[in-house]
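Asker: The numbering of the sequence shown is my numbering, which starts it at 1 and goes up by one.
Hint data in this document are derived by calculation from the structure and do not stem from the laboratory.
Errors might be hidden in some of the hints.
Label pairs and their in silico Cβ distance ranges [as the list claims (entries may be wrong)]:
#, residue 1, residue 2, range
1, Gly-21, Asp-124, 29 to 39 angstroms
2, Asp-129, Gly-21, 22 to 32 angstroms
3, Ala-37, Gly-180, 39 to 49 angstroms
4, Pro-241, Asp-44, 17 to 27 angstroms
5, His-163, Glu-135, 17 to 27 angstroms
6, Gln-63, Arg-29, 38 to 48 angstroms
7, Arg-172, Gly-21, 46 to 56 angstroms
8, Gln-164, Gln-63, 30 to 40 angstroms
9, Val-232, Phe-145, 24 to 34 angstroms
Small disclaimer: the values here were computed from a predicted structure and weren't measured.
Yeah, the Cβ is synthetic: ideal placement off N, Cα and C, and Gly gets one too.
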Amino acid sequence: MSRFDVGVAHPARRYNYWLGGKDNFAADRASGDAIAATFPTIRDSVRENRKFLRRAVEFLAGQAGIDQFLDVGTGLPTADNTHEVAQRITPRSRIVYVDNDPIVLAHARALLTSSAEGATAYIDADLRDPAKILEAPPLQATLDFTRPIALVMLAVLHFVHDHQNPYAVVGRLVEALPPGSYLVMSHATYDLVDTAKVEVLEKQSGGQWRSRSRDEFARFFDGLELIDPGVVPIGDWRPAPGTTRPDPAQIVTYGAVGRVGTRS
Numbered sequence: 001m002s003r004f005d006v007g008v009a010h011p012a013r014r015y016n017y018w019l020g021g022k023d024n025f026a027a028d029r030a031s032g033d034a035i036a037a038t039f040p041t042i043r044d045s046v047r048e049n050r051k052f053l054r055r056a057v058e059f060l061a062g063q064a065g066i067d068q069f070l071d072v073g074t075g076l077p078t079a080d081n082t083h084e085v086a087q088r089i090t091p092r093s094r095i096v097y098v099d100n101d102p103i104v105l106a107h108a109r110a111l112l113t114s115s116a117e118g119a120t121a122y123i124d125a126d127l128r129d130p131a132k133i134l135e136a137p138p139l140q141a142t143l144d145f146t147r148p149i150a151l152v153m154l155a156v157l158h159f160v161h162d163h164q165n166p167y168a169v170v171g172r173l174v175e176a177l178p179p180g181s182y183l184v185m186s187h188a189t190y191d192l193v194d195t196a197k198v199e200v201l202e203k204q205s206g207g208q209w210r211s212r213s214r215d216e217f218a219r220f221f222d223g224l225e226l227i228d229p230g231v232v233p234i235g236d237w238r239p240a241p242g243t244t245r246p247d248p249a250q251i252v253t254y255g256a257v258g259r260v261g262t263r264s
């Protein structure tokens, strides 16, 4: 059966719908509206996730001096994709995108535009198969694994259930990174959601995601040096001076950035 089934809601297309995009279908919009009926601020949440991406990449490309990025679970192209943010700061930045949604692959051309000094590449792969990602020729041709790399996994690990070994998946990818690399993650949580809504949200998502607590999310960063302010609601991660921080209970997403140290 083809992976491209417009009759079944897909996370990337639903996310696109919430962001106001046009690359979605009736099933995605129906699913998105059902979730929004219970969680009206879902659109604010996905917009805040994009802002977190921008701030994190600006920090990495600017203060941390990172010019290589592996963005896993890319989603559909929208404003301020990883390569656009990074190359505005460091034009030589090299970015590899990874996703397994056919519609993302169809739009990959928008992700492969690059500055003349830098480079972008796209891998059609499932994040639950880290070996395939790490062995992919475009990855090896684009990124230099002797120098630090930022692994970006935003709003994607909550689609990996416990029986699919999410910690092992992230651990395998982080293990391949050289010292001085970084892990950037955001993840949905029900910590701050009214418990009466949790069961409804789970049902409306069709069992597609596995929300995790702060401690469960922090476990992805075991062995890494957390960058200040650590594990926080995404709106609280280094907001621009003078900006109004969103209510964490309305955004329900944690974010963090961790640095890979020297291994013994």
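Asker: Please write out, lowest number first, the hints stated earlier that are contradicted by the structure.
Answerer: The structure conflicts with hints 1, 7, although it agrees with all the remaining ones.
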